[in-house]
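J.: Protein chains in written order, with this note's numbering: chain A, 1 to 292; chain B, 1 to 170; chain C, 1 to 757.
Bear in mind the hints are in silico, worked out from the structure with no lab data behind them.
Please note: incorrect hints may appear among the correct ones.
Unchecked claim - Listed next, the stretches of chain C that the computed footprint assigns to chain B, with coverage defined by at least 3 CB atoms under 8 Å from CB atoms of chain B: (1) 60-67; (2) 229-241; (3) 473-487; (4) 675-687; (5) 721-727.
Stated by the list, open to error - Not the full set, but computed from the structure, chain A residues with beta-carbon under 7 Å of chain C: (6) Asn4; (7) Lys153; (8) Gly157; (9) Lys159; (10) Asn161; (11) Leu162; (12) Arg191; (13) Met194; (14) Phe269.
Ideal placement from N, C-alpha and C gives every residue a C-beta, glycine not left out.
Residues per chain are reported as follows:
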Amino acid sequence: MRGNPEAHELIAPGSLAAVLHLLASEPGAWTPIAGGTELMVAHAAGRLTARKLVSLWNIPDLRFIRVEANSIAVGAGATFIDLRRNAAVAAELPLLAQAAGWIGSIANQSRATLGGNLVNGSPAADSSPALLAYDARIELVSIRGSRTVPYDKFHTGYKRNLLAPDELLFAVHLPRRFARHRGYLRKVGTRRAMAIAKVALAATALIENETVAEIRLGAASLAPFPTRLYRTEESILGNAITEETICAARTAVLAEAAPIDDIRSAAEFRRRVAANLVEEFLRELMKPEPRP
Amino acid sequence: MSSRWASIRFTVNGQSRTVHAPPMKRLLDVLREDLHLTGAKEGCGEGECGSCSVRMNGELVNSCLIPVLQAEGAQIQTVEGLAPAIDSGGALHSLQEAFLQCGGAQCGICTPGMLMAAAQLLERNPHPSREEIREGLGGNLCRCTGFARIFASVLAASTHAGSEKKPDAR
Amino acid sequence: MSNAAKTRPQTRIVGAPVPRKEGIDKLVGRAQYVDDLTREGMWYGATVRSTIPRGNIRSITFDPHIDWNEFTVVTAKDIPGKNHIELIVADQPCLADGRVNHCEEPILLLAHPDRHKLLEAVAAIKVDYDPLPAVFSIEESEAQKEIILGEDNLIKSFTLEKGDVDSVWATAAHIVEGEYRTGPQEHLYIENNGMIAEWSAGDGITVWGSLQCPFYVHKALRAVFDLPDEKVRVIQTETGGAFGGKEDYPSILASHAGLLAMKSGRTVKMVYDRMEDLAATTKRHPSRVRHRTALDKDGKLLAMEIDLATDGGAYSTLSATVLSRATLHACGPYVCPNVRVRSRAWATNHVPYGAFRGFGAPQAIFAMERHMDEIAAALHLEPVELRRRNFLHQGNRNATDQLMREPVMLDKLLDRALAESDYPAKRARFARENQTNPLKRGLGIAAFYHGSGFTGSGELYLNSLAGIDVTADDKVRVLVSNTEFGQGTNTILTQIAAEALNLDFSDVTMAPADTAHIPNSGPTVASRTSMVVGRIIERASLQLLALLRERAGLGEQYPREEFFAACNRYRAAHGKVESLCRYEAPPGIQWDDATYHGEAYGAYAWAVYVAQVAVDTVTYSAEVEDFWAVQEVGRVLHPVLAMGQIEGGVAQGIGFALYEKVVLENGRMANNQMTNYIMPTAEDVPPIHVVFEEIPFCYGGYGAKGIGELPHDGPAPAILNAIRDATGVPFNAIPLLPEDLFAALAAREPIAEPAAL
Ligand SMILES: Cc1cc2nc3c(=O)[nH]c(=O)nc-3n(C[C@H](O)[C@H](O)[C@H](O)COP(=O)(O)OP(=O)(O)OC[C@H]3O[C@@H](n4cnc5c(N)ncnc54)[C@H](O)[C@@H]3O)c2cc1C
Ligand code: FES
Ligand code: FES
């Protein structure tokens, strides 16, 4: 334990309104802490720079999963265990449910929140590819009101995002229109459990008249933040899935992916595995749809 | 130093406790230092090994990553709470008994966390498959056993409850 | 499972799955590990370490913003005795004095009552250096451009020679060459190193800590503090895993905690956190092994020339003995008339490498068994067939010319392994399926033996003393310096005593591992406890019975009450009831350290392992799907503990092969966190099928041979052989990570694709 607990302040106002007022009163002074599975790791390593912390843990206004007419709303404070146990998520958003099961271990999932995962903004965040594949929108809130932006606009750089100093991530809205889409999710980690993604891909596609009418490819660890592979999507969109499409898609992935070398893996490996994953998805699409 | 100490009240192994501590102090340190419950261990301090796993409000958590303030009002169970009467001649918890018979503990350092993970698993899923056991214990690293005897222990404890089948040492 | 029932002489407790002796304490959270202990008024200690791999210390500056009067500061100048850690060659300083030779080398120690202030203080000490060029590989060290140790960078070398290797090459039908490498491996015991020390002028120094070898620590402290035996006391606390990693390092940590305790006048606790433990303590020696092998037209071995090199790190520590074991296991369990093994341990500016389960054998066996598959491929022979043609049998001599007096059942182990794994049918099936499946499956085998106990004359030199006593409250206590750290010492040794004394298992306990009260029965290493120390306990027990019969009227047959009554009579007459015995070598042990000839080990454990591996050509990952471990380890004293040893060793071996990479950058471990040093989890370890064949060894405790290290030897070569089987690509270095598989497999892929931008 290299951090000094006495060097940090932590308060738990207990309601969303109180937290928002606190953030507005001293913009930038307070750092939210939800499940703490990022911040407490930094604390243990003596790397936690935030001096004043405000707890979001278990605030009911943030911890919810609501099924609405056209979307499923997941509160930023929902944990990955909450997501895994939710029947609507399991039925309609299987890629998200599955990704939730990959966030570390059970003990981690019972604390780690969706909001923390997104705001932390690791390029390897496991929930992000699924949210990109499901075309999620995210809602930000402050005492000034709330605004909703497409999730793929949320990250603006390595560990940077659209949040203003007085804002919190409030909820993620997932449209309920993926019932007819085919889905794909694969994480390539260092091991089966407790693994950080070297590459991950979540994908949805709608096939109509044997051509690809819609496709979304959400990827982790291929850029400074989780990203859609737009150019690769373009190379596939509107085409039938043939060997040529696959070949073009691979070329597009290899050109589009911009991963890094680090102590966990190598850029060239990541690019090529990403191409393999896209190919694997497309080949699955070539097969007849599995009967539910 | 900027932090104001807080009085935090929670229940540990059925007993109500109040501690006075910096709110960012880790629950693990509060258990071990303030409450002298040294069952939970620190193997990594970064959520990776599970040797500090305890149960909080019916969920498995790693106590090294919990600021104690966030445990305010919580129900906490540690390994010491699995067989509370052991010191006065009481019985072991069925999981502890199975670990004893099947060789689930070697050096024992991962054992308190492993038992809590196993208890969590069995509470939600009394008859887990091998795959479910692997997943349930995936966050608890054991360097001694290769996990095989631990799986056998959990399987034994899960079958023990329902049938008269004896825990199998294999 | 085991065919024990057929061969087992009638025993009640030995061979039975009695519950682990200290099991309940561990299960209820009562067991006290070092970090669970506190003392009134205790201070904490921390270490200021070198940030560079090699250089001279120019200056040490203390930030004036800190009130250093609150702290105890210890430097090399404060050492009352010798500034070195006593081991084989005393070349490792306890604290760097003017010069550092590796990153993380301890320079200065601090103690303070507040742990957090201590960390701030460590950060507030600035060490300036004049850096010197550093050496980071075996190749750089053997090039000798930069001399960093002695005159030639060589820590130790051995030559093992048999027959006339040079005469064979010209006429051999086949010559096969290969080079094999293994990386450093971290023990990753879940309990980090830790020590508590107390000092007083009257009693000298006392330490409590996580350790394997109390008398190693005792010897080191005697030298550092310049104290006589009786003023140094070492007490082992419950130890949360060791695997060799707590063989030599605790001597350093105990010295450090002791120095702080002496200077501060306080009890001082030092417990490393994971980052410090990973970065600063020992790992398995990296190795490079080159094989050149001659065979006749039938695939019989004619000559082996083996060049074996290890990276020993910056100081000698245990490198010589690790190298010795590597040398003695380099030729595998095969008959070969002409052998030359040249082995060298080279100094580098890495953190000193140390003992790790297998002690050099896993490195040597990886090379040998991987090479066997390359030979098989070159000769168009089945790997199984090649091995069968060359196996050692009873009556043969191995590479050191040791006669195999005891029965050798390698053929039977191999047959059993093939049958259990359904090897022939599966291989055929995989070959068929691999043509279309992106998942390529394969099977690989490894055959090997592992010498039990200390090498050659080592056990005679140790001259271990061990025994039992009986206390006034009717408890038999086992008196040994062999420690429990998960492998089952407490259970096995108390089983043996209870069996021999015809008592209940619950009548026998372990005396605490406290050097003030136990005899020196040698270190807890080298798979020696059950076989060597177990045998002494068996003899001491029988000796006690003879004594009680002779002097206290114990009858031939007796109920346990009568045993304790006899003990009480004896105690009344003679003071204490104690029986100690010294090690006795099995007859015929001849070993020549100069020529490396003779009986290298008193006994060998034998094994054949089979790995089933799937290589995913989409993700380039290799996973072990199933594993079979068939071995002969003498008598199995405890079926559950024995299986646990094998399974745990196999899991570590899987990590060694496919997961565990120490990333070294400029001599420093860059991935010193559990999130980045990847060991297999519960979801990664496959089913491990363990089979024991038993041939009791009559000079081991109740027929036991060594078991602890054996299972680490076989997995890596078996797995890499399986990957070769699956992919056709020979991989000769471990750890073999997906990135490495990618490099080789992608190179074979037909489609031309743009490379990196
Ligand atoms: C052992 C371990 C394994 C892990 N494995 C994985 C894995 O496999 N995959 C993966 O993706 N991640 C993994 N993580 C990372 C981590 O668990 C996740 O990123 C988690 O979702 C973070 O959520 P949290 O609530 O714990 O975040 P916290 O630590 O509480 O916060 C993280 C960041 O988000 C901010 N924040 C939190 N909530 C809000 C909000 N509502 N509005 C604004 N800002 C907010 C905080 O200020 C902080 O900057 C792992 C972590 C650990 C310790
Ligand atoms: S100490 Fe908490 S997970 Fe390792
Ligand atoms: S029993 Fe030693 S780490 Fe699990």
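J.: Each hint: holds or not?
T.: Now for the hints, and whether the structure bears them out:
Three residues within the 8 Å Cβ limit are the bar, and the stretch 60-67 of chain C against chain B gives 0, so the coverage statement is violated. With 4 residues having a beta carbon nearer than 8 Å to a beta carbon of chain B, the stretch 229-241 of chain C meets the requirement of three or more and the stated coverage holds. With 3 residues bearing a CB less than 8 Å from a CB of chain B, the stretch 473-487 of chain C meets the requirement of three and the coverage assertion stands. Check on the stretch 675-687 of chain C: 7 of its residues sit with their Cβ under 8 Å from a Cβ of chain B, so the three-residue criterion for coverage holds.
Check on the stretch 721-727 of chain C: 0 of its residues sit with their Cβ under 8 Å from a Cβ of chain B, so the three-residue criterion for coverage is violated. Because the closest C-beta pair between Asn4 (chain A) and chain C is about 4 Å apart, less than 7 Å, the hint holds. Because the closest C-beta pair between Lys153 (chain A) and chain C is about 25 Å apart, greater than 7 Å, the hint is violated. Of the supplied interface hints, the one on Gly157 (chain A) is violated, with its beta-carbon coming no nearer than about 20 Å to a beta-carbon of chain C, more than 7 Å.
This hint is violated: Lys159 (chain A) has a C-beta 17 Å from the nearest C-beta of chain C, more than the 7 Å allowed. Against a cut-off of 7 Å between C-beta atoms, the interface hint on Asn161 (chain A) is violated, since the closest Cβ of chain C lies about 23 Å away. Taking 7 Å as the C-beta cut-off, the interface hint given for Leu162 (chain A) is violated, the closest approach to chain C being about 28 Å. Annotation: interface hint on Arg191 (chain A) holds; nearest CB of chain C at approximately 5 Å, less than 7 Å.
At about 6 Å, the closest approach between the beta carbon of Met194 (chain A) and any beta carbon in chain C falls short of 7 Å, and the interface hint on this residue holds. Taking 7 Å as the C-beta cut-off, the interface hint given for Phe269 (chain A) holds, the closest approach to chain C being about 5 Å.
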